Amino acid sequence: MVGLGGILLLFLVLPFVALLLDGGPDSILRGLGCALTWPALRLSLGTSLISVALVVLGGTPLAWWLARSRWRSARWLEILLQLPVVIPPAVGGIALLLAFGRRGLFGETLERLGWTPAFSSVAVVMAQIFVSAPFYMQAAVQAFGRLDRNLLAVGRSLGASPPRLFFQVALPLARPWLIGGAAMTWARALGEFGATLMFAGNMTGKTQTLPLAIYTALELDIHTAQALSLLLVAFAFALLLFLRRFNRTVEIGRRPAAS
Amino acid sequence: MTAAPVRRLSVAVEAALGPFLLQATLEVGTEPLALVGPNGSGKTSVLLAILGLLKLERGRIALGDEILFDRDRTIDRPTEERHLAYLPQDFGLFPHLTAAQNVAFALACGPDLASRKQRRSQAMAWLDRFGLGSVANRNPSQLSGGERQRIALARAMASSPKALLLDEPTASLDVEARLEVRAFLAESIRSLGLPTVLVTHDVMDVEALAGRVAVLEKGRVAACGPLGDIRKTPPTLFASRLFSSPAPVGADANPGPLNDGQFRHN
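Chains as they are written, first to last, in my numbering: chain Z, 1444 to 1702; chain X, 56 to 321.
Just chain Z, with the same shape it has in the complex (with noise of 0.2 angstroms):
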């Protein structure tokens, strides 16, 4: 048994291992000044970024009413936001090319409207948010869920108002599970790379997020590859430090009660 996960150990720790030291400092620098990432980092930061800030946006209120609501079909819907984890990002990126590309079912539409958004910036978030958006709504449902229903009920017996009750009370408790569910969004936003490829393209400086650009490097210099994987992986290790250390000051602002 120890022997097995060792092993298991090794295998997951040796890529990282390789990637770090195969071929040395020099040549990574090199890969860094490549003409790719700069662009590619600048595409990568800014709409995951977006991404983030449209999903906390608009997934807090539909969270709040989902983990409150007593209808039904909310379990469903509930259900149906987690979609997008568990079904390969290729699907997706078919899926939002198929709603809202430009022969799509809301295509015809949107073009009407001026508006094309398949093979641009715009979907490159689009098929972010589609991919990233269920890790912060199960964090946010789950949150909001667990809130202390007397809590509630006395808040609203003190005469609050639901947006009272929703920005004074229920925000700040539920706010640390929050920041962890956009930390993890912001996470898959970056990496982002099945649905962005099928539905925003692979365009230098338009549509070529970092992991694009990997994929793009691998055919020119693995090197070049290697040097834009390994920023991806300093962002990942930097988030999960801020979690960690997010989360013990969490717990420390939460000891239990004295009685």
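It should be emphasised that the hints constitute simulated quantities derived from the structure, not laboratory data. On a predicted model such as this, the values are computed, not experimentally measured, just so you know. Note that the Cβ used here is the ideal one computed from N, Cα and C, for glycine as well.
Incomplete in silico selection of chain Z near chain X, CB under 7 angstroms:
{"no.": "1", "residue": "N1593"}
{"no.": "2", "residue": "A1596"}
{"no.": "3", "residue": "V1597"}
{"no.": "4", "residue": "S1600"}
{"no.": "5", "residue": "L1601"}
{"no.": "6", "residue": "P1615"}
Coverage of chain X stretches by chain Z, computed from C-beta distances (three or more under 8 angstroms per stretch; other residues unrestricted):
{"no.": "7", "region": "145 to 155"}
{"no.": "8", "region": "161 to 171"}
Starting from the known structure of chain Z, arrange chain X on it as the hints suggest.
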């Protein structure tokens, strides 16, 4: 604070509660009413119904002349407009706010458009009145059970309620805090003079806090009357065991445990 206090809370509610129908009619005057009954007899549901947090099939709830709910006249005031002070068993203090901020929250919900600073000083005045000035800046997790109960009551009173609803006010406290809180509540309830409904499992709560008792059994009021009468002729086996009086004639000799809820927080 405001106009003359309401002297009467009238409750007639009917709601489907899983295993049975809740069908309760209660009149609460100036004498506090204790609601007793076995676990799952619908005591807390009665409180939730009064608060407007339980879907009712039928009924009428009125505070003096003010109708809170009337199915026939399709009146159903939302909870936030009912002006009821609700103290749940664990007191319901907002854990992310200090004692003073908890009270200020209630003030901010009120009709007065006071500034944040004014609310803060009003909150301090409420805390002082309840002997809590020294803990104003602490969070609920840093306070004793007795202090939390007082803050919850101070906060509830800051919202100028017209009636008081207490759900097992001493159940989550240790024995000593229980004595302290009971004495404090008895005095507060008397001086506030609001119609008060108290759900409890504890005969000492009933004796210290209530003048009248309603015995609930499977969603129905088996009897309602002065404490002395209920004690003398308990309507149900539960009541006879709660008050250690002789069992009612014809009661089941072996009814199972009195109630398991009494110990659920120890």
